[in-house]
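Got chain Y sorted already, so can you dock chain G onto it with the hints?
What follows is the residue order along each chain.
There are 2 protein chains.
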Amino acid sequence: MDSQQFREFGKAAIDLLADYMDNIRDKDVLPSVEPGYLMKMLPENAPEEPESWKDVLQDFNQAIMPGVTHWHSPRFHAFYPTGQSFESIVGNMLSDGLGVIGFSWISSPACTELEVVSMNWLGKLLGLPEEFLNCSDGPGGGVIQGSASEATQVGLLVAKDKTIRRLLEADPTLSEGDVAARLVAYTSDQCNSSVEKAGLLGNMKMRLLKADSNGRLRGETVKQAFDEDIAQGLIPCYMVANLGTTGICAFDPLYEIGPVCNEANVWLHVDAAYAGAAFICPEYRHLMKGVEYVDSFDFNPHKWLLVNFDCSAMWVKRGYELVNAFNVQRIYLTDTDTNVKVPDYRHWQMPLGRRFRALKLWTVMRLYGAEGLRKYIRNHISLALHFANLVRSDDRFLVEPEPSMGLVCFRLMDGDSTTKLLLDNLTAKKKLYMVAAT
Amino acid sequence: MDSQQFREFGKAAIDLLADYMDNIRDKDVLPSVEPGYLMKMLPENAPEEPESWKDVLQDFNQAIMPGVTHWHSPRFHAFYPTGQSFESIVGNMLSDGLGVIGFSWISSPACTELEVVSMNWLGKLLGLPEEFLNCSDGPGGGVIQGSASEATQVGLLVAKDKTIRRLLEADPTLSEGDVAARLVAYTSDQCNSSVEKAGLLGNMKMRLLKADSNGRLRGETVKQAFDEDIAQGLIPCYMVANLGTTGICAFDPLYEIGPVCNEANVWLHVDAAYAGAAFICPEYRHLMKGVEYVDSFDFNPHKWLLVNFDCSAMWVKRGYELVNAFNVQRIYLTDTDTNVKVPDYRHWQMPLGRRFRALKLWTVMRLYGAEGLRKYIRNHISLALHFANLVRSDDRFLVEPEPSMGLVCFRLMDGDSTTKLLLDNLTAKKKLYMVAAT
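Just so you know, the protein sequences line up as chains Y and G, in that order. In this text, residue positions in the first sequence follow full-length UniProt numbering: the first is 1, and each later residue adds one. In this text, residue positions in the second sequence follow full-length UniProt numbering: the first is 1, and each later residue adds one.
This is chain Y alone, in the form it adopts within the complex (with noise of 0.2 Å):
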């Protein structure tokens, strides 16, 4: 294909997917077709010979248009948001119009500064303490990771070599293996099921702790879990607090949290992968009361910013730990020397490889500017109400417990039973779709 047939595949399907957000709502949300429809209907092999960029569009829309869940339906209050918009699919085909791999600054200049530019805008405004900010004193920072389970599973890994490197120090006599196979992660029982993941990914074993009956993990039950693990010769090392749960998206107090895991050394990793983006309307901040005690913290544009999967951002407080725990330095990757404080972020993830995601979280900043992404967040949470209200209003139903953010969990006042009921019908007919939840 040369420049021309570009531009003109190009924007037949710049103009197919404005007709697609355009007629959306007209859609069911879930698609009718049946398991393996599409591996019927697609030939065995791939084909020989070149075929025209027409039949790649009429193919997707015949063949995988009808096998899609519509995710930006109005009519999708499954699972979670996902995020998406104009400007983000336009700051991604940039990126990947420019197709370079920021594994280093020299690779890419622009990919590493960007980075670190749309990093320290997002911090300040989700209003984090400065520390966490590449353009503070500090050794803080932020990355762009490709999920919230990676940056949950990158902050266990870091914090078990900075614990074994802290324990081998006082007393040489340790081994490496013994210490590695005492390590002990914590989080909620009302967690992600990407945090419990974790633990199996990194090796360590994760207690779900039991959290109260508003969904919160208190401080004293970590305290507690701390202590008898340590009385069975048991470290604990990694603690996971969730601003946002699944569940019920309730928030973990991180002023009890926080000071519990500072007095026992245990690095505190904050998932806050959905709710998070709500942190730059001030009026929620108040749900992170606490987050100066956080070794890093995490959320996801991704989910509800705005910002295409994947882009998952995470400060950490001192990245020179990163750098600890995932360098593996090479020839062919050495550094370029400098003066400035640009981060080498390939040893600030796990892979190698890493594309030019900064272009779309920045694009999508720009072009809603900080106000106008305060209001889509303001917007939904007011029709989150404005539906609980509706919802309310019928004797049949309850809704509890109170609404969070975009999240509202009710159910038939007739029972389990009868709520799985409701649920079903309403899936089979494709109109809607959302998920159960225990």
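Source of the hints: derived by calculation from the structure; they are not laboratory data. Please note that a few of the clues may not be correct.
As the list claims (entries may be wrong) - In silico DMTMM-like links for lysine to aspartate or glutamate, alpha-carbon gap of 20 Å or less: (1) Y:Lys317 to Y:Glu292; (2) Y:Lys341 to G:Glu263; (3) Y:Lys11 to G:Asp2; (4) G:Lys124 to Y:Glu49; (5) G:Lys289 to G:Glu321; (6) G:Lys341 to G:Glu321; (7) G:Lys54 to Y:Asp15.
Using the frame of chain Y, we list chain G on its own:
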């Protein structure tokens, strides 16, 4: 931004990228900026009010572009090639436009099924044994990971899980922690840094075994390492063979390493990140002789097969072993019952979320056709040979070892310091970008 503005912004960006590629040949491959250039240039805060997309494109040209290292310039010969094509850019834009998250079949059926279809197409193009394909009778199949690093790590974690299960079943008195601490992974001292990092991340000792004088890790070296470790009470668990090493693009003989690994119950993973693409041409498949011994095989269409990062193609013989290692089931993630063999890909990878990456892979395969892709690979290899002959025609240079795939290693007869001086001079001129290997 409404859909009309998106049509304008998107089409202007398409034109910008088409112009970029039309003129990339005339640009210096390396930028002339100092560290911190962009951080100094951009405002310290996100704008309060929305800006215009025209300003964003203008800043893209005036602030971002001067700091870009042009990976797709014909004068870029550093690191490795990274995939990019007009076809892939549009394919990925379609994915961003749908903005779906494909962690289960129902979360977007087409997302899962097109990945199955595309990975079958691609596996057949490579000539992989049928048991790696989802369309075979067995439990094999392909999955798109984010990077070769991630695939190596997935293989390691599955190998670890499988080995621990096997040993605990055989002897229930063993402790999991004790077994885990004795596991050992292996690769060649020519491996990519990401392989070493996988050991670091997965908390498994990674032995870098000595390659022979041709850069190939031999079966007898592997056998000897296993024997040494077993004699010391350690447990060989995971082996990463390299098809196309980073330094000189050497190919480990799978037909030697494979039987040794199978005999010792060691999971054999193949990292063919760059060179794997060449197997679409039958004349290079002799370099993967012995692939039938392999447990998992990974290569990056996002390196040398025109698909934009990220798209790392991984096949396994037994998908259920990934599910065993990674499954963390929650109520909100219930699977759909199905008689069709549709994988739940979230259990085949580390993160929960996943994009519709198959769209760009499918678009590239359709618009190039198998013959177009083979032509692309063959052209690169013949250009490398042409360049090697040009270098050889000058007595001051030595080409060594023999060119392999698109890689030509050469140096000055005068010795390493003169070679280094030449490289430094070339880099300073910014017209040509290469890197050193030892």
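Evaluated hints:
Between lysine 317 of chain Y and glutamate 292 of chain Y the CA atoms are separated by roughly 10 Å; this keeps the pair inside 20 Å, and the hint holds. Of the supplied pair hints, the one linking lysine 341 of chain Y and glutamate 263 of chain G is violated, its CA atoms being roughly 51 Å apart against a limit of 20 Å. The straight-line distance between the Cα atoms of lysine 11 of chain Y and aspartate 2 of chain G is roughly 16 Å, inside the 20 Å bound, and the hint therefore holds. Under the criterion of a C-alpha separation no larger than 20 Å, the hint pairing lysine 124 of chain G with glutamate 49 of chain Y is consistent with the structure, at around 16 Å.
With a C-alpha separation of about 25 Å, the suggested pairing of lysine 289 of chain G with glutamate 321 of chain G is violated against the 20 Å cut-off. Among the hinted pairs, lysine 341 of chain G with glutamate 321 of chain G is consistent with the structure: their alpha-carbon atoms are about 15 Å apart, no more than 20 Å. Pair hint lysine 54 of chain G plus aspartate 15 of chain Y holds up; C-alpha atoms about 19 Å apart against a cutoff of 20 Å.
In summary, the numbered hints that this structure violates are 2 and 5.
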